[in-house]
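Novice: Listed below, chain by chain, are the residues.
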Amino acid sequence: MRINPDSTADLIAALARTQQAQETALAQISSGKRIVAPSDDPAGMAEWIRNRSRATNNDEFSHSIGTLKAMFHTADSTLNSVVSSLERAVSLGVRGANGSLSVENREAIALEVKGIRENIVGLANVAINGTYIFAGTETRTKPFVSDADASSMVRYQGNQGTCQVPIGESRLMQMNVPGDQIFAAAEADVFQSLQDLITSLEAGGADAISVATSRVRAAFDHVSGQRVFYGSALAQMASEETYLANEKLELARRENDIAGVDEIEAISRFVNAQAAHAAALEAAGKVSRLSLLDYIQ
Amino acid sequence: MSSLFGTMSVSLRALLAQQAALQTTAENIGNVNTAGYARRRAVMIEDDPVLDGRLTIGNGVHLARIESLRDGTLEIRIHEETQQQGELDGYIGAMRQVESLFSDVDHGIGAQLDKFFQSLTRLSTGADNIPLRQNVVTAAGNLASTFNNVANRLKALQQTLDGGLVQAASDINTITAQIADLNVEVSRQRTLGDDAGTFEDQRTQLIRELSELVNVSVINADDGVTLTTADGAALVVGAHAFQIETSLQSSGLRHVYSQGRDITSGISGGRMGGLLRARDAGAESLLSDLDRMASGVITEINAAHRQGFDLNGVAGQDLFAPASPTDSAAKMRLVISDPAAIAASSDGSVGDSGNVSRLSDVATAAVISGQTPLDYYSGMVGRFGNDLGQAEAEREAVDLIMRQLSNQRAAVSGVSLDEEAANLIRYQRAFEAAARVVSVIDDLTQTVINLGRN
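Line order of the protein sequences matches chains A and B.
Residue numbering for the first sequence follows this note's numbering, starting at 1 and increasing by one per position.
Residue numbering for the second sequence follows this note's numbering, starting at 1001 and increasing by one per position.
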C-alpha cells in the first residue's frame, strides 16, 4: 500500500502538540493554578466560585465577630464601672441608714450619691464612634438625659430595639441590649433607686434609707445580671471564631484541591513534554534528510 | 506487413510517449508543494497490432491519457470534516475572547456579588455608620458596572463576529465565482476530450477552501459541480455563481441572504457557522443568562430595599434603576449615591439593621430560576466552560480525523519525490532505448540504401 509521502504535516502537528503540552504545564506551574479558564474544568470552576463565596462570607463573619467583640468589651467594662458605682452607692446607703449620723453627714452622703448618679448617666451614654450602645436602635440619640419632670430625674430617650448580626451561616448574634432594659427595669430601676436614696437621705429616717438602699442593691443585682449577656455572647463568639478559623482552613484546602496545581505532577508533565518535543524535533531533522535523489547519479 | 519505416514510427511513438511521461514526472515534481494537487500518471497503452498474413505484429505504444490520482469519496469526507473544523475554529476562537470575563474569581461578577453582600453584612454591625453605608453604595455600584462591563464586552464580541460574517460572505463570493469559472473550463476540456486534471485540482482545492467558510453540499453534475447550502440555496450551478450577502437586522446584527432569502438558520458549518454559533448561541445565551441574573438581583434587592427606611427615617427607594425588560445587565445602574439613603432600618430608627438582613437574605434566597444568585452564576459559568470545553474536545477529535484523512488523501494523491526520481530514471532509460532503436533503424536504412552501390 502506498503511504503518505509527505510527513511534514504529521511532524508539525506532533511538534504543536508537544509544545502545547509544555506551555500548559508551564502556565500551571507559574500561576500555581490548575484552572486558568472555565473550559479547563467547568465543574471545578463553578465549585471554585461557590467555594470562594463561602470563604468571603467566612472572612466577613470573622470581621463581624471582631467588631462585636470590641463593642461587647466596651459595654461589659462600662457595666462593670456601673456595678462598682452602685456598690459604692449601696455602702453609702448602709452608712446613711445609721441613725447616729448628723443631717450634714447625710447631706454629704446624698451629694456623693448624686455624683454617682451623674457618673452612671455618663457611663450609660457611652458611645463608640458616635454610636450610643445603650440606646436600643436610636443609636444617634443620647439615651439618658436629666429631666426634672421625671420621677427618677433621668429620662430614657432610646427605644427597645435590638439588632442582629450574622456571625456564621444562619447564626445570628444580638448586637445590643436596650438601655432601659439595663438601667430602667421595673423593681430594679437604677436611676429611680438612686433618686429614692437621695430623697430619703435628704429627708432622713433610717427605715426609708434602708428600703431605698435595698432598691439600689436590687438595681445592682440586675445590672450585674445583665452583664451575663455580654459574657455569654463573648464565649459564644469565641467558639464561633474557632469554628470559622477551622472552616477557613478547610475552605482554603478545598480551593487548593479544586483549582491548585499539583506542582510535582505538573513539573514531571513539563519534563515529559519537553523530552517528547526534543524527540519530535530529532525525528523531523532525520526524516527530511533522506531522499532517493541523493543516491542516483 | 512490417517495414523499416514502420519500426521507425513505432520508435518515434515510443519516444513521444516516454517524453510525455517524463513531462508528467516533471509536473509532479514541480507541484510537490502545491496545495490540492493530485499527482498525475501517464497512462500508456499498446497500439493496435498490424496483421501480416497470419502473423500479428505489435505496433508499439501510444500515450492514452494523463490521469490524476484522486479518491472522490475521500475528498467528500475531507470537505465535511473541513466544514466542522472551520465551524469549531470560528466558535472557539470567538468564545476564547470572552472566556477571561468568567475566569477571574477575584474580580468577576461572582466576586462583586460576594462583595456587595459582604458590605451588607458589615453594615449590620453599625447601621448608622456612614463609612459602612458608603461601602454598600460603592459595592452596589461596582456590581452594576461589572454587569455592564461583561454584558458590553459580549455585545462588542457580537459586533466583531458580525464583521467576520461580512468578511466571510465576501470570501465565499470570491471563491464561488472562481468555481463557476472552473466549471466552464472543466466542461470545455472534457468536450475536447482533454484531461481537465489541472482545473479539477484547482476546483477541489477551492471547494475545500469554501468548506472552511461554510457548509456546502457538493453535487457532481454534467456541467460541473453544483454547490448549495444546507437548506438548498444555490451557490454555484454550472457556470453561474450566486452571491450571498449580509444584511443588518433590527436586532443590530446581520443575517445572511441568498437571492433575497434568509439562509442564516441553515448555516451550521465552516467559519461562518462558527461565527453564527458564537454570536447567536454562545454570546447570546451568556447575555440572556446575565440579563436574567441582573434582573433578578435588581428586582429582589429593590423590593427588599423599599421595605426599609433610610438614615433620615424616609421610606426606602429603589437601590438600582428598575430592571430594563431587555439588556438588563448592560443597563443595570445604581440610582442611590447618598450613603444616608441606604434603607437599613426596618422601623425608621437609625441604628436598626432589620432591613439589612432582609437585603442580605437575597443572597441565600432561590430568586433566579429557583437558585441563589451566586449558584445561578456559578452554574452559568460552568455551562459556558462546558460548551467551550466540549467544542475543544470535538476540535481535537476533528483535527485527528483530518490528519488521518489528509494522510489517506496524500497516500493516493500526494507526490513522492522518491517515486518521481525512480520514474525519472525509468522513463529516461526507455527514452534512451527508443532513441537507440531509431538510430539502429537509421543504420539499417543506410545499409539498404547502399545495397546496390558496389
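Honestly, the hints are just simulated from the structure, not real lab data.
Honestly, I wouldn't trust all of these hints.
[As the list claims (entries may be wrong)] Partial selection, computed: residues in chain A whose CB lies under 10 angstroms from chain B:
#	residue
1	Ser30
2	Gly44
3	Met45
4	Trp48
5	Asn159
6	Val165
7	Glu282
8	Ile296
[Claimed, not checked] Below are the DSS-like pairs computed for lysine-lysine, each with C-alpha atoms no more than 27 angstroms apart in a straight line:
#	chain 1	residue 1	chain 2	residue 2
9	A	Lys248	B	Lys1331
10	B	Lys1331	B	Lys1155
11	B	Lys1115	B	Lys1331
12	B	Lys1331	A	Lys33
Where is the CB? At the ideal position from N, CA and C, for every residue including glycine.
Novice: Could you check the structure against the hints above and give me the numbers of any it violates, in ascending order?
Specialist: 1, 7, 9 and 12
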